[in-house]
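Q: This is what each chain is made of:
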Amino acid sequence: MEHTSVGLSDEQAIDMYKTMLLARRIDERMWLLNRSGKIPFVVSCQGQEAAQVGASFALNRSVDYVLPYYRDVGVVLAFGMTARDLMLQGFAKAEDPNSGGRQMPGHFGQKKNRIVTGSSPVTTQVPHAVGIALAAKMEKKELVSFVTLGEGSSNQGDFHEGANFASVHKLPVIFMVENNQYAISVPLSKQVACEKISDRAIGYGMPGITVDGNDPLAVYDAVNKARERAIKGEGPTLIETVSYRLTPHSSDDDDLSYRKKEEVDEAKAKDGVYGFANYLRELNLLTETVEQQIEEELKVLIDEATDYAENAPYAEPASIYKHVYAE
Amino acid sequence: MEHTSVGLSDEQAIDMYKTMLLARRIDERMWLLNRSGKIPFVVSCQGQEAAQVGASFALNRSVDYVLPYYRDVGVVLAFGMTARDLMLQGFAKAEDPNSGGRQMPGHFGQKKNRIVTGSSPVTTQVPHAVGIALAAKMEKKELVSFVTLGEGSSNQGDFHEGANFASVHKLPVIFMVENNQYAISVPLSKQVACEKISDRAIGYGMPGITVDGNDPLAVYDAVNKARERAIKGEGPTLIETVSYRLTPHSSDDDDLSYRKKEEVDEAKAKDGVYGFANYLRELNLLTETVEQQIEEELKVLIDEATDYAENAPYAEPASIYKHVYAE
Amino acid sequence: MAVISYIQAITMALREEMERDEKVFVLGEDVGVRGGVFRATDGLYNQFGELRVMDTPLAESAIAGVGIGAAMYGMRPVAEMQFADFIMPAVNQIISEAAKIRYRSNNDWSCPITIRAPYGGGVHGALYHSQSIEAIFANQPGLKIVMPSTPYDVKGLLKAAIRDDDPVLFLEHKRAYRAIKGEVPDEDYTLPIGKADCKREGTDITVITYGLCVHFALQAAEKLAKDGISVHILDLRTVYPLDKEAIVEAAAKTGKVLLITEDNKEGSIIGEVAAIISEHCLFDLDAPIKRLAGPDVPSMPYAPTMEKEFMMNPDKVEKAMRELAEF
Amino acid sequence: MAVISYIQAITMALREEMERDEKVFVLGEDVGVRGGVFRATDGLYNQFGELRVMDTPLAESAIAGVGIGAAMYGMRPVAEMQFADFIMPAVNQIISEAAKIRYRSNNDWSCPITIRAPYGGGVHGALYHSQSIEAIFANQPGLKIVMPSTPYDVKGLLKAAIRDDDPVLFLEHKRAYRAIKGEVPDEDYTLPIGKADCKREGTDITVITYGLCVHFALQAAEKLAKDGISVHILDLRTVYPLDKEAIVEAAAKTGKVLLITEDNKEGSIIGEVAAIISEHCLFDLDAPIKRLAGPDVPSMPYAPTMEKEFMMNPDKVEKAMRELAEF
Ligand SMILES: Cc1ncc(C[n+]2csc(CCOP(=O)(O)OP(=O)(O)O)c2C)c(N)n1
Ligand SMILES: Cc1ncc(C[n+]2csc(CCOP(=O)(O)OP(=O)(O)O)c2C)c(N)n1
Ligand SMILES: [Mg+2]
Ligand SMILES: [Mg+2]
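In order, the protein sequence lines correspond to chains A, B, C and D. The first sequence begins at 1 in this note's numbering and counts up one residue at a time. The second sequence begins at 1 in this note's numbering and counts up one residue at a time. The third sequence begins at 1 in this note's numbering and counts up one residue at a time. The fourth sequence begins at 1 in this note's numbering and counts up one residue at a time.
Please note that the accuracy of each hint is not assured.
Unchecked claim - Quick list of in silico lysine-lysine cross-link-like pairs, DSSO-like style, CA-CA up to 27 Å:
#, chain 1, residue 1, chain 2, residue 2
1, B, Lys-225, A, Lys-190
2, D, Lys-290, B, Lys-141
3, D, Lys-290, C, Lys-244
4, A, Lys-38, A, Lys-93
5, A, Lys-140, A, Lys-18
6, A, Lys-140, A, Lys-225
7, A, Lys-196, B, Lys-111
8, A, Lys-299, A, Lys-18
9, D, Lys-290, D, Lys-195
10, D, Lys-23, B, Lys-111
What the hints assert, rightly or not - Stretch by stretch, here's where chain A covers chain D in the computed footprint (C-beta under 8 Å, at least three residues):
#, segment
11, 31-43
12, 123-136
13, 239-250
14, 297-304
15, 307-316
These aren't lab readings, by the way, just hints derived from the structure by calculation. No experiment lies behind these values; they were computed from the predicted model shown. The beta-carbon is built from N, C-alpha and C at its ideal position, and this holds for glycine as well.
Let's have the full structure, built from the sequences with the hints guiding it.
A: Dropping the structure here:
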């Protein structure tokens, strides 16, 4: 697939790449900070940036609502969260826009960017996305609600109930399952017995499509079409993006206790970030100079964000009594 | 479909008919008792007897487990519950084998016949059926676990979670959705957006089949095949039986507030009990004499059961303190 | 001021709030054409149309979860659980999500949803149509639980719940629906959530209770008054978070306290009430704090003998009051 | 007698029970190859194989529900919830089903399942990996809730739970897993569910608590002892149903009672404990019943400043003890 054939300009393609790379570089930095004892926890986007950013670029980033799950660094960056915001979250500082340091990293939320607050129990965001789409329909707003989850999470009751509800009422929702082959240690084969997660769509009377999650353009195209459908009032779509979780489940996990290094290495060879870089290089959109420039730019950004966040204050102990109810 | 071509003898076909008719006649009696103020509540099987009895005859009724839902009078009769047992339940008497008068009618359970105790919240029985199948697999027992539910109930999370679990572990379960077009007042079109409930099967990687729920032979055949599959270790099957709820939802409902009498009358013309009677008449298996004899037999049975149950004692008030925990 | 029933007060509050604010809408099972199985939403479908009085698929987690999503967007959903007993599949959405959205997002997001559910026994509803479920939720900061006893309180508190900026569980006693009538102003008014209400002034003993039991206490108090025993009755109205000041004041007033609930005793709301009293005004007490509650068995059985043994009634209340007065 | 950790006691109890009885098996997320995210099932997969140490799909309602089905069949499932916070999707299966199966079937069926879940805070787990969830279930007759504090109690009580003929919720404090060590006999033994245990004899004040807080109380008691204040400590061990006799006896012994929980205060277990005391031995008290608990905010925040403010610790306990002693 070519970026021009799915309707993306050269600038947009480069912008997409930058966003993917930023997600990757932030994530890598988080691991460094974790391993050096500076932040207690990381949960990674690595291996899923292509799908996340490809999808986000197909959305209308000034009206649509997103309900990302914990790996969606690419989605939140595309929707306006900054490296600094993410570092403030990593360090759990008072200024963290997601939760003021109340939640762990990966629990996104930022109202001004229509990034809907999320929790840890997986899949609860799916009915929320449906509710937002319902509200949009009632208010006659032209927008969609975009929700993501892991393939393991697609086995929760809330996935089923939410998807069915959305389809019965033809609501503008895009369900995107980021299939990274594992739910912590449990491989896909012990999570589901269907061939594709998108096989579930027909049971809700909606289109289901499986795309290569390492190809941001394929994902862009699928989400783009799903959005058109949604806006026309034709209802929701289920999209499965297939890729691989390149890191352990989180900084608390040891993935080599349940999978082989060879398997991980094989997946790394198909890494969407590098794949897309190659694509852009072949088209001469990404020259060595441009590439160096981007890397430099991102490094400065991340360094600054890290410094800022590291030095920012924690929330006051007494602040825990605030915001239980409206004040 | 002919009964001989699906492997049923003439006697079995007649026996099947008798069971269907018994279910119908008991149900009709329950309504009379309710309308005359003798029993507080009825929830009906009418319109679903053909599917219930057709399915049950395809099971091994001396080893299989059944997890019926509240309309499954046909299933429990086929599995050994008696008219008297059902009347004792209707009158909520101490001797009621289902619950000793603790639960409402339609909440079946009788361990000696492997009829697994059920509750009111719909669809909770689905994971239970999977657990029984899992136990059977662990214990290397050659049996299946048969579970039913309404089409509205197939939207509950427990349906999704249970079906997926069963298929991942290739467990001997048969899921039968009795699609009677309504969930109380809500028509099928507002419950699901799929064309067939059986379209959900592929999402679990299991076969899904839709059959005419008014044709006991078609249901027999489908369940028979599903059972073979299950016993061979090939995993679960989802069967949808399409028919119509001929009565109001329950004795507390007024169905003409949300559907037309014509619609009900049209469905009555396709009634599986009478349809099967006609089939047997055409084959001369059901002559006028035989028919009269059967009706007479059932009437005596139901009269006796009613008398017995009406005169049986209620449980002692103090019995409510019993059986909270093992004693 | 008209005299209307408890359920009419519900319908009236819903109608007036829907007329006042376009963002208010109702969703649940059978709430549309059918007007609800108890007819609490009677007439609303005709007045406000399908989208604002929405029949949902049979899936409580989605009813709550979709409502939550819509509330986060800025709507004012009123979700109906058909019976309080069937709120269980929605517990995750209510406890993990609704109750924590404001807190976890550091006040960035909020969740102004009202969840209505008919609870309580004495209606031949058996184990699963009789339960008191408030204790399950009465340990979740972020949530409010309202349980009104009179039509006047129903209307004022339901309006307050809908206008509240935080999630409110609004529990309606189903036996009160038609049995309890009272004067209700035609004008718009709200009552404060979080405030208990003195339903009868007295000097000898204090009764603290809520819901239908308030009426049992009022009836019993009449009888005691004839024997010169003066009963003070505090109606909690909001059972979580409790009105500690009012509780302490009412307890201290007479020094003899009887707490009443229809729920199982151990772990019920009145345990917390006793704890508050024993923490704050122990030395004002002239008698042990007495608790009158349902027995510690799973739920109310169906047969009339057993239901009567479980269910609270004015005689049981009267007996307990006299015992306390004589202490 | 070997000195082992709290979590080793869990693994040991599981292994011994699985060796003793073929019907005992484990199911949950990541319990197999990975040995559990906390490694509570470490080594069991290798010893007992895939079928008896089963990795399930990510679906808690199915984990509980399938376990319940297997238990009804006659197995002895031990279901693991990965974190207690994630038990919420399984509430319907636990409250509507497990707790009521024996009662609703009038003793015909039973449900001997054990559900293990790691709870509690102080581990940088933030809102959704820190909760105390016992209060949600502590009003459900038919269910037992065990919360052990020491490795000795863990082993004896987990074995008792697995052998119990009724459903047991077994809640393990995740900070105790590795922090708490103690002597555990190599022989097979069980401890009685439903019995509290005196962890320290004393004469001046009585502390009643459970779980990790027992250790905080023991540490604080040591300090008070140096100042000549003698503390009596009762460990509830089973928090539902409570050991009323032991509570009354311990409270009466010193007449000054401090109740401690890590949970939010309002609606927690210790409210019921206070109610029992104020009902049965009010006149033995020399001071108001004091409660020390977490604040009434939704859950424990992530940032260290805020976590510390919420979490119970020996200093907070010591302070409360001294205040009470000086009353
Ligand atoms: C309801 C619930 N159960 C369990 C967990 C613990 N948990 C966190 S992530 C995870 C695996 C999720 O797998 P998947 O949905 O495939 O997403 P991935 O992490 O692979 O992106 C589990 C079991 C949880 N967060 N919520
Ligand atoms: C969890 C739950 N929610 C709501 C109800 C109330 N209720 C009882 S039957 C029913 C409709 C069921 O429809 P369907 O599954 O199609 O079965 P049918 O009655 O049509 O046979 C509802 C909503 C319930 N019993 N359980
Ligand atoms: Mg995954
Ligand atoms: Mg139906």
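Q: Compare the structure with each hint and give your call.
A: How the hints compare with the structure:
At most 27 Å may separate the alpha-carbon atoms for a hinted pair to count; Lys-225 (chain B) and Lys-190 (chain A) meet this at roughly 26 Å. As the CA atoms of Lys-290 (chain D) and Lys-141 (chain B) are separated by approximately 56 Å, the hinted pair breaks the 27 Å bound. A distance of roughly 15 Å separates the Cα atoms of Lys-290 (chain D) and Lys-244 (chain C); the hinted pair therefore holds under the 27 Å criterion. Distance check on the hinted pair: Lys-38 (chain A) and Lys-93 (chain A) sit about 12 Å apart at the alpha-carbon level, within 27 Å; holds.
For the given pair, Lys-140 (chain A) sits about 34 Å from Lys-18 (chain A) by alpha-carbon distance, which is inconsistent with the 27 Å threshold. Taken as a hint, the Lys-140 (chain A) and Lys-225 (chain A) pair is honoured in the structure, with Cα atoms around 20 Å apart against an allowance of 27 Å. Restraint check for Lys-196 (chain A) and Lys-111 (chain B): the C-alpha separation of about 39 Å exceeds 27 Å, so the hint is violated. Only pairs whose Cα atoms come within 27 Å are accepted, and Lys-299 (chain A) paired with Lys-18 (chain A) is accepted, the gap being roughly 12 Å.
Distance hint between Lys-290 (chain D) and Lys-195 (chain D) is fulfilled; the C-alpha atoms sit about 23 Å from each other, no more than 27 Å. Restraint check for Lys-23 (chain D) and Lys-111 (chain B): the C-alpha separation of about 19 Å stays at or below 27 Å, so the hint holds. Proximity of the segment 31-43 of chain D to chain A, defined as three or more residues with a beta carbon under 8 Å from a beta carbon of that chain, is established by the 5 residues found. With 6 residues bearing a CB less than 8 Å from a CB of chain A, the segment 123-136 of chain D meets the requirement of three and the coverage assertion stands.
Residues of the segment 239-250 of chain D with a Cβ under 8 Å from some Cβ of chain A number 0, which does not satisfy the need for three, so the listed coverage is violated. Closer than 8 Å: that is the beta-carbon criterion, and the segment 297-304 of chain D has 6 residues meeting it against chain A, so the requirement of 3 holds. For a cut-off of 8 Å, the count of residues in the segment 307-316 of chain D with a CB near a CB of chain A stands at 3, and the three-residue condition holds.
Figure legend: structure checked against the earlier numbered hints; hints not met, in rising order: 2, 5, 7, 13.
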